[in-house]
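*Asks:* Put together the whole structure using the sequences plus the hints.
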Amino acid sequence: MTETPIVEAATATDRTPVLECRNLCVSYFTRAGEAPAVVDFNLKLMPGEAHGIVGESGCGKSTVALAIMNYMGRNGAIVGGEILFQGRDMRTMTQEELRRIRGSKIAMVYQEPMASLNPSMRIAEQLAEVPLYHEGVSQREALARAESMLEQVRLPDPKRIMNSYPHQISGGQQQRVVIAMALLSNPSLLLLDEPTTALDVTVEAGIVELIKEVAAKFGTSLIYISHNLGLILETCSRLTVMYSGEAVETGAIHDVFDNMRHPYTRGLFGSIPVPGANKNARPLAAIRGQLPLPYARPKGCFFGPRCDYFVEGRCDQPPLMMHEVAPGSSHATRCVRFAEIDWSAAKASVAERQPVQRGQVVLRVEDLSKHYIIESGAAALIGARRTVKANEKISFRAHEAETVAIVGESGCGKSTFAKVLMGLEPASAGKVQLGEIELANLPVQRRDKHTISRLQMVFQNPFDTLNPSHTIGGQIGRVIRKFGVESDPKKVQDRVDQLLDIVKLPRDFAKRLPRQLSGGQKQRVGIARAFAGNPDMVIADEPVSALDVSVQAAVTGLLMDIQREHRTTLLFISHDLSVVRYLADRIIVMYLGQIMERGTTEEIFSPPYHPYTEALLSAVPIADASVRKRKIVVAGEIPSPTKPPPGCPFQTRCHYMIKGVCDVTPPPLREFGADHVIACHLEKDALEKMEPVITAGTAA
Amino acid sequence: MTTANISLDTAPVPFNVRIRQPTALIGLVLLMWVPLTLYVMFGPFLSDTLKSFVLLPAIPATVALYVIAVTSWRESPVAIIGATLVFFWLFVAVSAPYLPLIDPNKPLAPFAEMGAYKKDHWFLLGADFKGRDMLSRDLWGCQRVLVWGVSATLVAYAVGAFFGLLAGYLSGWWDQAISLVCNILLSFPVMVLFILILNYLGPSGFNIVIAVTFASAPAIMRIVRGLTLDTRSRDYIFAAQTRGEHPLRIMIFELLPNARGPIIVDACLRLGYTTVAITTLTFLGLGLQPPDPDWGLMIKESTKVAMVWKFSYMLLIPALSVSSLILGFNLLADGLREMSLRD
Amino acid sequence: MLKLIGSRLLQMLLIMGVISFILFAIFDSDKFKKQIAVNELGGFAVSALSEQDYQAWLEKKGLNVPFYQRYLNWVAGVAQGDFGKSFEKNEPVADLLATRLVHTGLLALWVFALMIPLSLLFGVVAGMKEGSPQDRLTSFISVLTTSLPEIATAIILTVIFALGLRWLPPNAAMVNGWDWRALVLPVLTLVLYDFGYVARMTRASMAEVMNSQYIRTAILKGLPYRRVILRHALRNALIAPFTIIVLQMNWLLSGVVVVEVFFQYAGFGKLLLDAALFGDIYVIQAATLVAVFVAVASQIISDVGYTFLNPRIRFA
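Going down the list, the sequences are from chains A, B and C.
Going by this note's numbering, the residue at position 144 of the first sequence is 144; the numbering climbs one at a time, nothing skipped.
Going by this note's numbering, the residue at position 130 of the second sequence is 130; the numbering climbs one at a time, nothing skipped.
Going by this note's numbering, the residue at position 205 of the third sequence is 205; the numbering climbs one at a time, nothing skipped.
It is worth saying that the hints were derived from the structure and are not from the lab.
In this text, all values refer to a predicted model and were calculated from it rather than measured experimentally.
There could be a bad hint or two in this list.
[To be verified] Calculated cross-link-like contacts (lysine-lysine; reagent style DSS-like; alpha-carbon spacing at most 27 Å):
| # | chain 1 | residue 1 | chain 2 | residue 2 |
| --- | --- | --- | --- | --- |
| 1 | A | K643 | C | K3 |
| 2 | C | K34 | C | K61 |
| 3 | A | K431 | A | K419 |
| 4 | A | K482 | A | K449 |
| 5 | B | K304 | C | K89 |
| 6 | A | K684 | A | K393 |
*Replies:* Put into structure tokens, the structure is as follows:
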């Protein structure tokens with residue numbers, strides 16, 4: 001644990017809890033019948049306490065938040081249990097009583113700040129409404145309070161923001177406005193529903209910092225809902241793990257993190273790439289199987305079919321109750337066998353593997369630049385043009401059987417780079433060589449079949465990667481025929497079957513349509529499609545970022561297995577440093593279209609760092625209580641790529657910024673070791689003096 | 001949000017997949033449509049014997065299609081009511097020659113009232129000012145408006161969708177040029193455009209097809225262009241591009257099938273508009289020509305003589321008939337949209 | 001904003017130039033000229049018209065010069081407010097159009113005055129609660145009314161109120177002078193047809209807004225329901241219907257033709273149809289340009305209004 005939690009769990013029992021959920025059951029009513037979304041949920045939240053709810057998508061964690069707000073939409077309803085807010089059952093309150101509590105006693109922060117703010121109202125009015133309607137203060141007073149609250153959430157220039165419409169400020173600023181709105185009436189309970197999921201990681205770090213700070217300052221109790229265990233560790237003192245609508249384990253953060261007592265919690269932790277994990281020495285273990293549908297849950301333990309410790313006759317006997325791990329402890333688990341399982345035994349299912357030897361250079365990129373010229377309608381008339389430098393002087397090499405990762409936040413130009421490689425956009429300058437072929441200005445239409453099949457891609461969004469109108473088999477088969485691997489229908493079919501085997505999907509999936517597949521399965525088909533033409537190199541553009549952690553582990557594992565087998569070069573584009581650390585051999589860190597630092601994974605994760613790498617490393621939440629992190633919070637937000645700052649692109653947020661140097665001249669390249677390059681104005685020895693950001697503690 | 005997930009998970013197989021054999025379905029539609037088109041469009045060129053049995057295979061095809069429609073859309077009562085109205089008129093259209101009706105063009109008893117028995121014939125719905133049986137004229141009257149309406153909509157769709165795909169997918173210069181032409185055409189109020197085109201070409205069924213194409217294709221083009229723009233940035237299109245597929249193949253195989261949902265709904269609505277347009281144009285004297293019965297024509301011929309309460313049936317019957325057909329198309333569109341939103 | 005209006009006006013001028021040129025080119029054919037000649041000279045069928053008479057007629061009317069020259073003359077005339085003379089009615093087109101436009105304008109005014117509040121009210125109330133009885137009722141009424149074409153509505157209304165109940169005159173020819181009662185049925189017909197469409201669009205827009213996340217925020221902020229609807233929902237929900245209502249001008253001009261012909265109301269639509277059937281070039285020309293002007297102007301108003309109402313575009 002890096003820092004102390006906001007407020008230690010209240011130990012006094014005489015105080016009434018702020019919120020108590022007792023056996024809460026929530027269902028949605030759909031055409032298919034009643035779908036229980038939350039089953040038998042219990043929670044006790046003391047004043048000033050921060051409680052985390054963690055789970056994968058569809059586990060019911062957001063439903064809990066909305067149920068607490070008593071806002072279930074048209075087809076949802078609380079079907080059992082009670083929700084006590086400061087000792088009063090919210091289910092018995094009238095609409096008017098609920099209205100008085102909402103926004104004043106209980107406030108909420110949402111996942112998508114842009115969608116949560118009214119697009120046609122100025123921020124001033126949206127904020128002032130809260131004191132105006134809850135406390136009946138004057139308009140002037142309300143506006144004054146709104147402005148001072150904007151200052152307290154550390155928004156620069158509150159006057160300007162008060163006068164803005166939501167779309168005129170950035171995502172991080174919007175979320176700060178939403179937080180300000182929630183805090184305006186000094187609520188006793190703040191619900192945070194994935195408040196940073198839509199934001200970049202360096203922006204996220206700032207918001208998390210703010211939440212901790214204001215909660216401490218106002219003494220607010222928090223319920224923090226997230227899919228990210230690392231974030232929960234940073235913000236909460238207690239935690240509930242949910243699976244398929246049920247709380248499976250609950251307890252103090254350290255009890256759960258260090259002595260987990262439910263196989264699902266353990267599986268979840270096993271699939272997260274923490275600093276100790278390594279693709280060769282300590283590979284991740286995915287949870288097998290899939291989340292059951294709400295109306296098709298198994299009898300007894302919902303996790304049963306995916307559990308390694310499942311015992312017939314015991315685990316499939318309902319009802320399953322929460323068991324205290326130790327008598328009198330607040331640490332509880334829903335596993336009936338928790339006392340029998342040897343929790344200290346290492347998971348032996350995944351074996352250690354030999355590192356792969358890299359081969360010859362496959363891809364050579366030299367000073368590649370891609371500039372766009374923007375001519376907006378009105379500007380075109382007067383001849384005003386703006387150049388967007390999406391990629392600026394990018395150089396690196398990738399070898400056979402090697403995994404090279406490109407890391408960066410939004411707007412760093414990583415997707416543009418992929419487009420140039422694939423031949424969908426011409427390069428503005430520089431060279432790209434795949435083997436002996438020059439690709440920089442060879443659009444895909446002019447590449448021959450063989451060249452195209454040598455370079456393939458795995459896409460980001462599983463819901464977009466497959467054409468919803470065609471069958472899986474048809475789509476893979478098309479690639480096989482197109483690249484001339486096979487043409488005889490029988491042989492194409494055989495090859496499709498073979499590819500489905502490789503990505504571990506049943507052969508009869510060939511006849512299915514994409515909508516009948518889960519996200520992870522679709523991503524597997526996407527991988528099969530990319531490997532159908534036996535490529536030399538595969539570009540994977542955030543292939544797992546839209547998937548749940550347990551599925552992520554399975555998909556990355558698969559991708560690496562195939563790569564290892566075929567000795568394919570993998571260019572892995574990602575914003576997630578944890579994943580990258582786990583699977584990459586070499587890393588390229590990009591910011592606003594430029595390479596800030598490149599080197600081996602080892603080199604990137606230890607000093608000397610580029611200041612941006614340093615900030616990025618510090619911002620990534622890590623779900624390991626034994627890891628210590630040096631805290632560096634960078635100021636501000638990522639500038640728009642259309643208006644990059646002069647000099648070094650990172651200078652606006654860098655705390656090493658040297659006035660008159662960094663904001664004037666582009667940074668020089670400083671070389672350390674064979675292929676470790678940092679683009680920074682800091683002198684070599686200054687860079688070398690940096691301390692490590694992440695230090696692993698004793699093994700968990 | 002959890003709601004979304006659940007509704008996603010519980011979604012049964014959507015309606016357009018549920019009709020299991022698309023080839024069989026297309027076969028049935030052709031079996032119904034080709035004879036009807038032959039009969040109505042090229043009637044004068046057919047020999048009498050051919051004319052007497054050409055519509056026979058269309059009757060079972062129509063019934064079969066109706067049964068399929070009702071069973072596959074059973075969850076949407078709105079769609080079923082719509083389909084029932086539309087298929088009622090389709091059935092009447094294909095079976096008119098075999099129904100026990102007297103010749104719709106034969107003048108018998110002018111101004112015979114509803115239910116009157118004159119000249120050895122029960123005039124259930126009365127007779128018009130020339131003495132022609134209203135029931136027979138009304139039922140026969142659906143043929144031409146159906147055939148020309150559907151054909152015109154199909155042609156307009158083919159043209160509009162093609163240009164919409166071009167403009168949306170290729171964008172740039174193509175988009176600018178196509179959009180400019182569309183903007184010019186869309187600057188005309190529809191009826192003004194109809195009047196100008198039909199006045200220039202002369203009134204006939206084929207010219208209605210041309211006029212409807214000019215009037216509707218720009219709007220269709222805009223819809224398809226919008227759908228294309230929306231789909232164009234999807235990863236699977238990107239995937240097709242990166243494996244070097246030809247733009248035409250991408251447009252037809254990758255883009256078009258994914259736009260079919262909104263297109264089908266819009267096509268149903270547009271069938272309604274086209275029916276309105278044909279009836280109105282015929283009423284204005286710019287559309288279908290006498291003597292064969294048509295609803296618009298019946299209204300046009302009766303406005304001069306039927307402006308009395310006693311003879312108002314001459315106006316009401318065709319007006320209600322055409323309204324029921326349009327209502328059918330609109331309800332069908334509503335039901336299909338509702339189902340596609342649920343899935 | 002001014003730039004937007006300016007560019008759209010420029011675009012409109014361009015479109016009108018192109019359209020008038022095409023119209024001139026189309027109606028310059030011998031076929032049309034002969035038809036007019038026959039109508040003017042009286043009596044004969046087109047085939048009976050001798051080439052000599054035809055040429056003489058052309059000369060007399062100044063139609064024997066190449067069409068682009070006539071087009072330029074015409075454009076020069078239009079610039080001075082002279083739209084030429086009607087062949088059929090032998091009256092200056094400008095005067096003819098002016099009276100007819102006033103008549104149609106009156107009709108349109110009443111239609112909008114009734115249709116806008118009615119359809120907005122129904123649409124908003126229906127969209128506030130999706131699936132509620134008032135929503136279903138609105139849906140039912142609007143599907144029914146949009147399914148009745150103007151011609152059918154006109155017939156049904158006439159049969160009931162004019163022929164059956166005899167409350168109102170069956171036509172609006174107004175041979176005995178101006179009669180407000182005669183205007184009721186044409187107005188009602190157009191209102192009924194447009195109402196359904198606008199109400200449906202308003203409902204859809206309102207329902208979408210009510211399902212949006214910012215309405216959830218507003219409710220969970222603890223605002224009173226009235227405030228949520230009036231301040232948060234309504235403004236966003238009415239942006240789309242506003243543009244649709246303005247664009248209804250275009251639809252209305254189509255509906256006007258049918259209604260005016262059916263009720264024999266001496267308005268713009270009837271003028272256009274009569275002119276088209278007669279081949280009265282200058283009238284068609286001018287009437288089309290007016291129609292296009294109205295349509296394009298309404299598009300500009302809707303664009304500008306949309307930009308103005310939607311801060312996301314205004315302050316982009």
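*Asks:* Each hint should be assessed against the structure and marked as holding or not.
*Replies:* Hints, one by one, checked against the model:
Simply put, K643(A) and K3(C) have alpha-carbon atoms about 24 Å apart, close enough for the 27 Å limit, and the pair holds. For the given pair, K34(C) sits about 12 Å from K61(C) by alpha-carbon distance, which is consistent with the 27 Å threshold. Our distance criterion of 27 Å between C-alpha atoms is met by K431(A) and K419(A), whose separation comes to about 14 Å. For a cut-off of 27 Å, the pair hint linking K482(A) to K449(A) stands: about 8 Å separates their Cα positions.
Taking the CA atoms of K304(B) and K89(C), the gap is near 24 Å; set against the 27 Å cutoff, the hint holds. Proximity of K684(A) to K393(A) is assessed by CA-CA distance (about 22 Å); at most 27 Å being required, the pair is judged to hold.
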